[in-house]
Amino acid sequence: MSTREFMLGNVAIARGIVEGGGQVIAGYPGTPSSEIIDTLAAMENRDFYVEWSVNEKVAFEVAAGAAIAGVRSVVTMKHVGLNVAADPLMTLSYMGVKGSMIIISADDPSCHSSQNEQDTRKYAQFALMPCFDPSNPQEAKDMIPDAFRLSNLFQTAAIFRPTTRISHGKSDVELGDITEQRPQVKFEKIPERWIMMPKNARLRHPYVLQVYEDIRKELENSPWNQLELKTGSKIGVVSSGVASVYAREAIKRIGLDASFLKICAYPAPEDKITGMLEHADTVLVIEELEPVLEDEIRIMAQKHGIGVKVLGKLEGLVPRHGELNVDICMDAISKAFELPEPSRQVNDVGLQLPSRPPVLCPGCAHRAAFHVMKKVFGKDGIYPSDIGCYTLGVQSGAVDTTLCMGASITVSSGIYHAGEEHPICCSIGDSTFFHTGMNGLLNAVYNKADITVTIMDNRVTAMTGHQPNPGMGKTAVGESTVAVSISDICRSLGAEFVEVVDPYDLASTEDVFRRSRDYKGTSVVIARQPCVIDLRRSGARKPAFSVDQEKCTGCKSCVRFGCPATEFDNELKRARINNMCTGCGVCAQICKFGAILEVKR
Amino acid sequence: MSSAGISLFDLVIAGVGGQGTILASDIIGKAAVKEGLPVMAAETHGMAQRGGSVVNHLRIGCELGSLIPLKSADALIALEPSEALRYIEYLSDEGIVIVNTEPVLPVTVTSGISSYPDMGEIIDYLEQRFTVKAFNAVQLAKEAGHVQSMNTVMIGAVSKYLPLSKDVLLDCVKASVPKRTMDINIKAFGIGRLHA
Chain C
1 MSTREFMLGN
11 VAIARGIVEG
21 GGQVIAGYPG
31 TPSSEIIDTL
41 AAMENRDFYV
51 EWSVNEKVAF
61 EVAAGAAIAG
71 VRSVVTMKHV
81 GLNVAADPLM
91 TLSYMGVKGS
101 MIIISADDPS
111 CHSSQNEQDT
121 RKYAQFALMP
131 CFDPSNPQEA
141 KDMIPDAFRL
151 SNLFQTAAIF
161 RPTTRISHGK
171 SDVELGDITE
181 QRPQVKFEKI
191 PERWIMMPKN
201 ARLRHPYVLQ
211 VYEDIRKELE
221 NSPWNQLELK
231 TGSKIGVVSS
241 GVASVYAREA
251 IKRIGLDASF
261 LKICAYPAPE
271 DKITGMLEHA
281 DTVLVIEELE
291 PVLEDEIRIM
301 AQKHGIGVKV
311 LGKLEGLVPR
321 HGELNVDICM
331 DAISKAFELP
341 EPSRQVNDVG
351 LQLPSRPPVL
361 CPGCAHRAAF
371 HVMKKVFGKD
381 GIYPSDIGCY
391 TLGVQSGAVD
401 TTLCMGASIT
411 VSSGIYHAGE
421 EHPICCSIGD
431 STFFHTGMNG
441 LLNAVYNKAD
451 ITVTIMDNRV
461 TAMTGHQPNP
471 GMGKTAVGES
481 TVAVSISDIC
491 RSLGAEFVEV
501 VDPYDLASTE
511 DVFRRSRDYK
521 GTSVVIARQP
531 CVIDLRRSGA
541 RKPAFSVDQE
551 KCTGCKSCVR
561 FGCPATEFDN
571 ELKRARINNM
581 CTGCGVCAQI
591 CKFGAILEVK
601 R
Chain B
1 MSSAGISLFD
11 LVIAGVGGQG
21 TILASDIIGK
31 AAVKEGLPVM
41 AAETHGMAQR
51 GGSVVNHLRI
61 GCELGSLIPL
71 KSADALIALE
81 PSEALRYIEY
91 LSDEGIVIVN
101 TEPVLPVTVT
111 SGISSYPDMG
121 EIIDYLEQRF
131 TVKAFNAVQL
141 AKEAGHVQSM
151 NTVMIGAVSK
161 YLPLSKDVLL
171 DCVKASVPKR
181 TMDINIKAFG
191 IGRLHA
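Listed in order, the protein sequences are those of chains C and B. For the first sequence, counting from 1, position 201 maps to 201 in the numbering used here; every step adds exactly one. For the second sequence, counting from 1, position 24 maps to 24 in the numbering used here; every step adds exactly one.
Possibly wrong hints are sitting among the right ones.
[What the hints assert, rightly or not] Computed cross-link-like contacts, EDC-like style, restricted to lysine to aspartate or glutamate with a CA-CA straight-line distance of at most 16 Å:
(1) B:34 to C:5
(2) B:71 to C:348
(3) B:34 to C:174
(4) C:252 to B:63
(5) C:230 to C:281
(6) C:234 to C:348
No lab work stands behind these hints: they were computed from the structure.
Let's have the full structure, built from the sequences with the hints guiding it.
Structure follows, in structure tokens:
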């Protein structure tokens, strides 16, 4: 029986958590990290606890509590989630843990699904925690048990930083054994460890600084850090994480004879680095995003008085933004070592390609809500929005800002208090509202912001792959639990105008939006309609709609609505509905000529 | 091949979110592992999947990174014709492109903001430079029994060029699709292979 499986990186990471004996796993969904908990929650015969928490700070603290109580815990999130959890991160650094804790923060170079491309390795340096930066899914899996070990050995949490190409890469992964060991939970009262009042914190800071250097020494012999010196060569390449495989391929393709240092566990081992610096006279550092390794290497060269030429981002050879690839590495290597430029004739497509941006799904209720919102609040209305599928409402002209999770309501408050006179209507999803929207609403009500908050309640955390949230009455593992009422929360936070609408019913939605706009104070409109993808997966089907070619005048108002199921036939000058129609019926309400009708079964 | 010594076969799968590009690369990747070959793949997940342009890289017999360098792919499968052009820069000069000729019009086209290139021009462009296998895979999928088996038609077509046994691939198709659609997918695979 083969133990090699073709696995998604995140599934491999989940497997690593199982092999390493993870006991408490918490997280908040965020691309590219979500499938780790999805995978664990879907496993049968679990001997661990797993939850979707309401936000990253909460998830972090749940995992921290478990690790303080002596067990092995993991928290998962995407890179920007670590900003939300930065408060506990920076002080857990001082407290440390008793069991083991891994903080998985998945980075997204090139912003495939993110609002920025920050580098979690910087957080690891800042928090004085070790950091694992895997170069492929196999390594990602294998690092997890080692991260548990290191965390326990040094009584500190360990950061684990996959990137999109690891988390959403797939490869053949050799499975390992599942550890039998499970540390017993026992919360011990150790005030100088668990109570970070000033007198304790002052003592812990120098201690943690020392431990950080001890970890650096430990990582000299880590299998994740490897130095290969070439006797005949005076040039070297140092690389980290996924960039190290691109760099290796670039070296192979060029046919370069160079020493190679791969660093995938931090703090970067000093002996290995000085070994490279003393051997080579020119060293190129290739890493994605921030010059974390490069800065360390320059500092070490200066500290040890080694007159080596260090090259990298400072010289502009390796970009500090976007993800890397083999071609970028080949260019950087050629320039750094003054080799002929790689010849590359790119095929020039003479044809103009239409752009194909992601769009809200056919039949998505968000589109209908935005349509009415725009109609009521007008082109001068101001539409702060948030992080989720509904960010795609930008195509409906009803998204003016997206800053971070929960910022729609707070940014609206700020715009209002700045004195803006045009009406303000923001949009936020159900899961995002539970995440950090609630605080913003409380603040808006308390400080009398005259804004309308639209909660786009599609009954699921859709964008990241349909995870359950507190409004659904279902936990991560599918157990039933209390279904928290969003309208009750809004009322309890002090909102007095709270109305629930069905966005597929344009007339009544319009009536509610008009009243919310005219209301003085913070009004809440909950636009509730289940996510179409989720609904169709559950087997629900509605009859589709079609255009009566006789009645259609070719006015295009249905086409302008922007549903992918509606097309315009340029020859016939008539609209038509394609097979993507989900039967929401919104376009039929938009058509002034009664030309769009349900297809009779 | 252009990735000689690094990868046995580099494949790019392009399409539109929702067309089944991930399942296609999953099936081929699983077959490669069954054949005892290392595989590296990169996929598009998340926001881009909502009807956006998606691309998967699949490197069979490769132990380095999952991203295929420019002009290095041995084959490009495009589940949508304009997406073949969008990712054509990855295809090596000796590469083969297998393209479904049924377009999926982006909202930018249906709403009249931009226009879709002429199908004849797309195929001409490809044929002047590469070996091309072009057919309406949506139509063929319908013949097989269901439009959703279009990605299986494309897998069947590329199966002729992959360094993998046809039977192992077909086994992986069977193991990856819903049971009730298995016969349709087996048929779709066969039809695709005939058109390659």
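To see whether the hints hold, each was checked on the structure:
1. B:34 to C:5: 9 Å, holds
2. B:71 to C:348: 12 Å, holds
3. B:34 to C:174: Holds, because 13 Å separates the two Cα atoms, which is no more than 16 Å.
4. C:252 to B:63: 13 Å, holds
5. C:230 to C:281: Holds - the C-alpha atoms of residue 281 (chain C) and residue 230 (chain C) are around 12 Å apart, at most 16 Å.
6. C:234 to C:348: 39 Å, violated
In terms of the numbered hints stated before, the structure departs from hint 6 and from no other.
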